[in-house]
Every structure is written in C-alpha cells, then in structure tokens.
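Asker: Sequence:
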Amino acid sequence: MGNLRAGELRTQVETQLARTQQRLTPKRAAIVAVLSGASRPMTIPEILAADDSLAQSSVYRNLVVLEDAGVVRRIVTTDEFVRYELDEELTGHHHHLVCTRCGTVEDVLASSGLETSLAAAVAQIDESTGFRTKSHRIDLVGLCRACG
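What the sequence shown shows, in my numbering, is residues 2 to 149, in sequence order.
One or more hints might be untrue.
Stated by the list, open to error - Computed beta-carbon distance windows for the label pairs:
1. D69 to R11: 14 to 24 Å
2. S59 to R133: 34 to 44 Å
3. S40 to I139: 16 to 26 Å
4. G93 to A30: 12 to 22 Å
5. D127 to T26: 30 to 40 Å
6. E128 to A50: 39 to 49 Å
7. S113 to V65: 12 to 22 Å
8. A56 to T130: 21 to 31 Å
9. D108 to R11: 15 to 25 Å
10. D127 to G93: 14 to 24 Å
11. S59 to L119: 36 to 46 Å
12. G149 to D108: 16 to 26 Å
If you are wondering where the hints come from, they were derived from the structure by calculation, not from laboratory data.
By construction, the Cβ of each residue, glycine as well, lies at the ideal position given by its N, Cα and C atoms.
Given the sequences, and given the hints that come with them, work out the whole structure.
Answerer: Right under this line is the structure:
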C-alpha cells in the first residue's frame with residue numbers, strides 16, 4: 002500500500018515526530034521499517050518477531066509516541082491483540098477485512114466509485130448534523146478465506 006519511497010518516508014516521519022517535539026530514534030526507525038514492509042497491520046508479537054533487535058517494552062513505548070505523532074495507527078479487532086500500521090497519510094487510503102475467528106486484519110482498497118459515493122454520503126451527513134469529518138474507515142467484519 003505504500004506510496005512513499007524509503008527516503009521520503011523517513012523525511013515525513015521525522016517531520017511528523019518533530020511536530021510533537023519528538024525525534025526519529027533508531028528504535029522508532031526500526032518499528033517504522035517493520036510496519037512499512039508489512040502487507041497488513043501487525044500485532045506487537047509480530048513486530049517483535051520481524052526484528053529481534055527490538056525489546057517488547059521499547060516497542061510499547063515507541064508505538065505510543067509514533068501514534069501520538071500520527072505516524073502509526075492502532076486497529077482494534079475482535080481478538081486479544083491490537084494491530085498497528087503506518088498512518089494513511091504515509092501509505093495511502095485503504096480499508097480493512099477483519100476476521101472474527103482468527104483476528105487477522107488485511108488491507109483492502111475500495112473502488113474509486115465506492116469512495117466517491119462514500120464522500121458524497123459523508124458530505125451529506127456533515128451538512129445535516131454539523132459534524133466535520135476528517136477521515137473515514139470501513140472495516141468489513143466476517144470470516145477470512147482460511148476460517149470461512
């Protein structure tokens with residue numbers, strides 16, 4: 002899903018961290034690298050397995066900083082694990098398929114027609130309620146191919 006090259010990604014992450022008076026440390030860079038190479042949102046155990054130089058306590062602390070800076074986004078599902086991915090500002094807009102049996106989360110792109118229809122519906126809701134939508138996400142919840 003990524004639409005930024007490694008150098009551009011690093012620059013954007015550094016900029017976003019600077020907005021919250023944080024910097025891109027080697028551990029944070031390692032977490033960003035793991036998430037940028039993933040094809041789907043990852044649990045903390047998956048992040049740890051992908052880079053054995055990372056310590057669990059460090060990953061927890063740094064994910065909070067990265068999330069606060071808008072670099073990482075948390076995805077809560079129906080199982081016991083929270084999953085993390087790079088924010089859409091870095092990867093591009095997408096939605097998720099969430100399996101209620103195994104907890105797997107997969108990224109999925111919606112058609113441009115669906116996104117256009119959804120944007121119109123959001124605009125109508127905003128106008129009728131006075132709400133100001135910043136973004137949207139759709140999680141399709143059901144059974145994945147392996148569980149279905």
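Asker: Tell me, which hint numbers fail for this structure?
Answerer: The structure breaks hints 7 and 8; every other hint is satisfied.
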